[in-house]
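Sequence lines, in order, name chains S and C.
All residue numbers for the first sequence refer to our numbering, where the first residue is 10 and numbers rise by one.
All residue numbers for the second sequence refer to our numbering, where the first residue is 10 and numbers rise by one.
Simulated from the structure, these hints should not be mistaken for laboratory data.
A quick note: this is a predicted structure, and the numbers were derived from the prediction, not measured.
Careful: at least some of the hints might be erroneous.
Claimed, not checked - Selected chain C positions facing chain S (in silico; Cβ < 8 Å):
| no. | residue |
| --- | --- |
| 1 | Val-46 |
| 2 | Gly-51 |
| 3 | Ser-53 |
| 4 | Val-78 |
| 5 | Leu-84 |
| 6 | Phe-90 |
| 7 | Glu-233 |
| 8 | Ile-234 |
| 9 | Ser-314 |
| 10 | Lys-316 |
| 11 | Arg-319 |
| 12 | Ala-321 |
| 13 | Asn-330 |
| 14 | Arg-334 |
| 15 | Ser-338 |
| 16 | Leu-358 |
Ideal Cβ placement from N, Cα and C applies to all residues, glycine included.
Number of protein chains: 2
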Amino acid sequence: MSISFEIEATNGCARLGRLKTPHGLVETPVFMPVGTVASVKGVSQDILEELGVQILLGNTYHLYLRPGVERVRQLGGLHRFMAWPRAILTDSGGFQVFSLNELRQVSEEGVKFRSHLDGSSHFFTPESAMEAQIGLGADIIMAFDECTEHPADRERVRQSMELTLRWAERSKKYFEGHKNEVPWSRPSSVVDRRLEDQLQALFGIVQGGMDLALRKESAERLIEIEFPGYAIGGLSVGEPRALTRAVVEATLEHLPSDKPRYLMGVGTPEEIVEYAGMGVDMMDCVLPTRAARHGLLFTSGGRVSIKQARYAGDEAPLDANCGCRVCQSYSRAYLRHLYAANEVLAQVLNTVHNLSFYLDTMRAVRHSIALGNKVQLFPGEQSLAEP
Amino acid sequence: MSISFEIEATNGCARLGRLKTPHGLVETPVFMPVGTVASVKGVSQDILEELGVQILLGNTYHLYLRPGVERVRQLGGLHRFMAWPRAILTDSGGFQVFSLNELRQVSEEGVKFRSHLDGSSHFFTPESAMEAQIGLGADIIMAFDECTEHPADRERVRQSMELTLRWAERSKKYFEGHKNEVPWSRPSSVVDRRLEDQLQALFGIVQGGMDLALRKESAERLIEIEFPGYAIGGLSVGEPRALTRAVVEATLEHLPSDKPRYLMGVGTPEEIVEYAGMGVDMMDCVLPTRAARHGLLFTSGGRVSIKQARYAGDEAPLDANCGCRVCQSYSRAYLRHLYAANEVLAQVLNTVHNLSFYLDTMRAVRHSIALGNKVQLFPGEQSLAEP
């Protein structure tokens, strides 16, 4: 047993699903907050639980460098290490090697790269990336892939896609041979007995750049290898948003409807709603947490740049329609003051609100799918009540 | 009505008291966490409430510079501005002018100083410091004083003490004439009606350097002016701890036993227990919060420097005897990782724990006084059970 996925309702292309993982249920479509190095920056795990986060994303690249996979493994895996009882997904490290390393060297065997922390040299292969992710012990782990740069010519994109497919096979092969090494199964583990016999799930990643034919081929050949879930990778790499949308839409057509579909690294509130409407089940993005640190807040009335002087005397809550603990307690004037005074609490509160907004957005999307309503941002009570 | 103070039990010199303020009860001896610019760095107000914080300290100097007194006043005062329903005390600004401004110019009229933020020039007088503290609207405010430098010769200390006494009279005079201008009483205020007719309390500050005779004179002449509470200022300015202790002990003898006694700017856990045992009722210090930011944590087993590599694989809680949400959830290994990875959550969690430790320490002190036991750090169950 690793994961199971059931679709409870559909609405056009959109799907309402239940993804069962060894660490609990995930209602889809779901937004996964990013906890890069085993922490969603500034927010403690009890608050994440209170916000209703059902699954967190951890970055294998960062965790591999610090605190190190062996350390986390010895401490019982990521869940126990960071005291997070719910589901976790780790990425493959491929995207970070791509985005944080200008001097990376890709070969058939794997990728040589330098640590962004200390410049030390490292080598990731599909096998070592699997070993790392098994040691970290997330519920869902990702095949090692090459994130193709953009723009790239068709031949380069094809070669990169082919490499990712070969790496997907190697990832699966290694995983199948070592999946029982997940740290939950350690005899000394004090983790809940219900985790016995529970395994991780390995998802494949579709690549193929912005070429729809290559995306189709990548999807079809990945499905032949067979994974319990499929991700769309290699987007949000500098291409225009309309192109992202077109590639997502075209790729989704070729992914099996009975398996979870994960679109990596998107997006704005408008985008996550749109992609959910297109049939994406899982998404992650640093936007809500990173924007929060820069004082950019998402509200039902649109974006608020809380650093602006216009908010210095504003007694209203950030978002009168938001039930989060920040909007229930604090004024815009106070949030603006904290940001202007460079207080750490600004980051904490801004992050809590932005995450709450994203999670509320996805809750509303799931509600709309269940009711058969149009999946849109802020459907409003009236449209929710429509037949 | 401003404050009332009742002593419920005594134990040697130590006193168990109930300080009633317009914003709730404060059980003494009490430790007041420092929320310099209307925020205890990194910790949200609901967590402070959960920790049992009954009174916070705000720094007038910092709040005057940012966000500005008029801003806070227009927003209903500090309580409403920062959404803190319990008691607040603001200092006079005298200590910060002293410690953050090497180029300050002191005259009979007041102190000219430059902002540590932008170098702009400002002038504090006893009257303007009262005006600022009335506008901020804390429950307890402090007379404007000169914090005498150390070391200083006797004549300089006497002159400084005399200046502080004249400033105390001017502070009281201004306060008496303007105390009804506290922002709670604004007709437009939506604050709880029980605050009607409630006023701030102005405390006087004893100075006199390290000279016990001058401390005695300062205390006696301050008592003649008459305040509802008395503070001991001008300590922790570089003198040895034994000298601090001697000055505190000698000064306490000359303070009225029926009024709250506030020792400003101390100390370590050992010190706050010792001073409470000597009869101090109120204390504040940046130590627990500042140390937390540097990874120095106070535990029942002594200090822990969480940055040390020895904790990298340590699965134990920071303090097995601590009931705070940090010690209940996270391992030393995780806290060490957060600190080493420079994660903001390190500061948040470390601060929550250190504050919890200080507040628990004072709870234990109050318990010991009530039971007639020796007031000491970690009395343990056995000594608490002794007759």
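Here is how each hint holds up against the structure:
1. The criterion of a C-beta within 8 Å of any C-beta in chain S is met by C/Val-46, whose closest approach is roughly 5 Å, and the hint holds.
2. The beta carbon of C/Gly-51 comes within 4 Å of a beta carbon in chain S, closer than 8 Å, and the hint placing it at the interface holds.
3. Interface restraint check: C/Ser-53 against chain S, minimum CB-CB distance 6 Å, threshold 8 Å, status holds.
4. This hint is violated: C/Val-78 has a C-beta 13 Å from the nearest C-beta of chain S, more than the 8 Å allowed.
5. A least Cβ separation of about 6 Å between C/Leu-84 and chain S falls short of the 8 Å threshold, and the interface hint therefore holds.
6. A distance limit of 8 Å between C-beta atoms decides the matter here; for C/Phe-90 the minimum to chain S is near 6 Å, and the interface restraint holds.
7. Below 8 Å, beta-carbon pairs count as interface contacts, and C/Glu-233 has none with chain S, the closest being about 40 Å; its hint is therefore violated.
8. This hint is violated: C/Ile-234 has a C-beta 35 Å from the nearest C-beta of chain S, more than the 8 Å allowed.
9. For C/Ser-314, the interface hint is violated, the least distance from its beta-carbon to any beta-carbon of chain S being 17 Å, above 8 Å.
10. Annotation: interface hint on C/Lys-316 violated; nearest CB of chain S at approximately 13 Å, more than 8 Å.
11. A cut of 8 Å between beta carbons decides the hint on C/Arg-319: the least distance to chain S is about 13 Å, and the hint is violated.
12. Here the hint on C/Ala-321 is kept, as its CB sits about 7 Å from the closest CB of chain S, short of 8 Å.
13. For C/Asn-330, the interface hint is violated, the least distance from its beta-carbon to any beta-carbon of chain S being 19 Å, above 8 Å.
14. Restraint check, C/Arg-334 versus chain S: the minimum CB separation of about 7 Å is within 8 Å; hint holds.
15. With its C-beta approaching chain S no nearer than about 5 Å, C/Ser-338 sits inside the 8 Å limit, and its interface hint holds.
16. For C/Leu-358, the interface hint holds, the least distance from its beta-carbon to any beta-carbon of chain S being 7 Å, beneath 8 Å.
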